[in-house]
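A.B. asks: Following the hints, put chain B in place on chain A, whose structure we already have.
Spelled out from the first residue to the last, the chains are:
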Amino acid sequence: MQSTITGKAYVLGDNIDTDQIIPAQYLTFNPAVPEEYQMFGKFALSSVPASQAGLPKGHVPFHTKDEFVSDYRIIVGGKNFGCGSSREHAPIALDAAGIEAVVAEFYARIFFRNAVNGGYLVPFESVNRLCDRICTGDDVKIDVENNLLHNLTTGEQWQLKPLGEVAPIIDAGGVFPYAKKVGMLKV
Amino acid sequence: MPAMTMTEKILGRHAGRDSVQPGDNIWVDADILMTHDVCGPGTIGVFHQHFGKNAKVWDREKVVIIPDHYIFTADAMANRNVDTLRKFVAEQNIKYFYDVGTPRYKGVCHIALPEEGHTRPGEVLFGTDSHTCTAGAFGEFATGIGNTDAGFVMGTGKLWVKVPPTMRFVFHGNLPPYLMAKDLILAVIGDIGCDGATYKAMEFDGDGVYALNIEERMTLCNMVIEAGGKNGVIAPDQVTLDYVNARNASGKKYDVVTTDQGATFCYERVYDVTKLEPVIAKPHSPDNRAYVSEVRGTKLDRAYIGSCTGGKMTDFRAAAGILKGRSVKIDTFVVPATSEIAAGLKSEKLNGQSLEDVFLSAGAKIGQPSCAACLGGPSDTFGRLNGPISCISTTNRNFPGRMGHKEAKVFLASPLTVAASALTGVIADPRDCLQ
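One line per chain: the protein sequences are A and B, in this order.
To convert, note that position 25 of the first sequence is 25 in the numbering used here; the numbers rise steadily by one, no gaps.
To convert, note that position 295 of the second sequence is 295 in the numbering used here; the numbers rise steadily by one, no gaps.
Simulated from the structure, these hints should not be mistaken for laboratory data.
Nothing here was measured: the structure is a model prediction, and the numbers come from that model.
Incorrect hints may have been included.
[As the list claims (entries may be wrong)] Derived SDA-like pairs: lysine to any residue, alpha-carbon spacing no greater than 25 Å straight-line:
hint, chain 1, residue 1, chain 2, residue 2
1, A, K57, A, G13
2, B, K406, A, G164
3, B, K409, A, S46
Isolated chain A, as found in the complex (with noise of 0.2 Å):
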C-alpha cells in the first residue's frame, strides 16, 4: 500500500448502495475481460440522483474529460457505503474509474469485503462525518500510516480510523496474496 493518496475528493451522502456505484444493466459486462472492465468505470455512480451527485451542491458529473476514468481520486461518504447487493463490479467500478481510497463513516459488509479482498482500493473509516466537511473538488491527502486525512483547500486536518486486522491483505494486495503469505493457499 502507498504511504498516501493524495487527489480530488467527490462527495456522496448517506446509503450509497451498489444499484447507484453501478446499476444492474451493466453488470452484463465480465469483469475478467479486460476491454470490458473499463466499460465499468464509464458507467460508474451513473445511478446516483443528481441532486446527490457531489456534494455539497450536487449536479457534479463524476466525469469530465475522459469518459472511463474520474478526474476524482478519494471518494468521500457518508453512513453504510456501499449497501444493496453483493456485486463486486462496485468497488470494481470506483477502480475502473480510478478511485484509489473511499472515506465514509462506515461500510456495508459484503462492499467492504469486496473492496479488501480483490484489492481494488482502501476503504478507510472517518471518526468524523466528513461528508458534511469537505467539499466535491477539494485537494485531499491520505497519510495513510498516521490515519490522516489533510483537506489540501481548507487546511483542515481529520482523523481516520486505523485499517485494524484488514491491514494485513490490503497490504498483501487481497485475499488471494494474503492467502499465499499466511500459508493458507499453495498454488
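C.D. replies: Same frame as chain A, but now just chain B:
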C-alpha cells in the same frame, strides 16, 4: 465451554473449533458455493486467474450454478454470460447446474436452492448474491459474497469469516390474516434502520416465527441484508426438517444446531405480531417505513408481485385471495420465482379456479420464472420500470434505480398490500378488501 449462539456454533464447527467469539477471524469450510449468471462469469475469471487455466473446483458436487438474473432477454452480453457458465460446467463436470432452456431450469437461485435440496441445517452456504441469507430459514449460516471470495472458495473450499455478534428478534402471537412475514421484516428494518444490523447476525425466535410456514420464514431471513445483516437464522423445528428431508440432494447427512441457553445477544427486541399493522417502505430506502394506513391513497402506476422475497406460493396464494373475481386498475406484473412455483400457479386452485387463471382474469400479466424486474436488468426485462413511474412491489429493495429508471418510485409491501393496491390504483390497505 461458554454458551454460544447458533451462528457462532456453526461457524466454529466449520473452523474445527469448539468455541469462537464475536470478532474472531476464522477460516471456515464451505458446504455449498452457489453462483449465477451475473456474478458467475467474474467468479470463474478470478478462479482461473489464481488457480490456473486447468484448475479444478474443490468439489464438483458442492458448487451449485443457477442462472436466474438475465434470462429472458435478447441482450447478447447477458446470453453470453450464460454460455460462460455452460462452458465452465462442462469443463468442471459440475453436478448441479440448472440450465436455461432445459427441463432442469429453475429460476431464482434463493428459492431454487431449497427446492432442489441444497439447504440443510447446520451447514455453511456462500453465494454470490446478497440474498443468499434467505437460506438461514433452514437453520444454516448463509451469506452473500463477491467474485473474489467466491473464486477463492471455488478453489479451496474455504473462506475467512469474522464471527458476527447476534441480534435476537422474538415474535409472539399468530399473524392476523392481513399481515405477512414481509410486514414483520419491514417493521424490523424500519425499527433498526438499513444499517442497524451491519456486520451482525439476526436470529428470529418465538412462537410467532414457528407459526409461519417455511416460505414465510425464508421471507424473514431474505431481507436481513436490507438491515445490513451478515446472516439471518431460524433454528430448525419439525416444519424445517420435514421440508429438508423431503428434498435433500443426495440425502446428505446434517446436524441440527441451536443456540445455547445463556448465549449472549448484542441486542434483543420482542414483538407482539397481533398488534402490528400492514407496513410499507417508501422510496428510496427499505428502512423508510410507514404504516399503510398513513400513506393509503398515494397514486400508483404499476404493481409487481415476484422475486425471492415475494414470488413464492404463499405470496401468490395471498395475492390471489384478494384479486379473485376482481380486476386490476393498473399494470400488474406477476413473476413466479421458480419453474416449480410457475407449475404451482397452474395446478393450485382457489375455489375451482387456478391461481394463474385468477391473475389472468384480473388482468395481470404473468412472466417467466426469473429475477426479472426486481433489479431492473436489461431494458427488455419483463416488468422493468423504464420510466419515472410509481410502483408498489413485493421485492426487497427500493434504492434509486433499483427496478430500472433512477427517478422511478418504488414502494415495498406484502403481497396482500400490493394486490389490494393493484385493485384500486392507489396504495390500499388489505384490511379493506380481504375476501
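A.B. asks: With reference to the structure, classify each hint as holding or not holding.
C.D. replies: Hint-by-hint comparison with the structure:
Between K57 of chain A and G13 of chain A the alpha-carbon distance is near 12 Å, which keeps this suggested pair within the 25 Å criterion. At roughly 36 Å between alpha-carbon atoms, K406 of chain B and G164 of chain A are farther apart than 25 Å, so this suggested pair is violated. Of the supplied pair hints, the one linking K409 of chain B and S46 of chain A holds, its CA atoms being roughly 17 Å apart against a limit of 25 Å.
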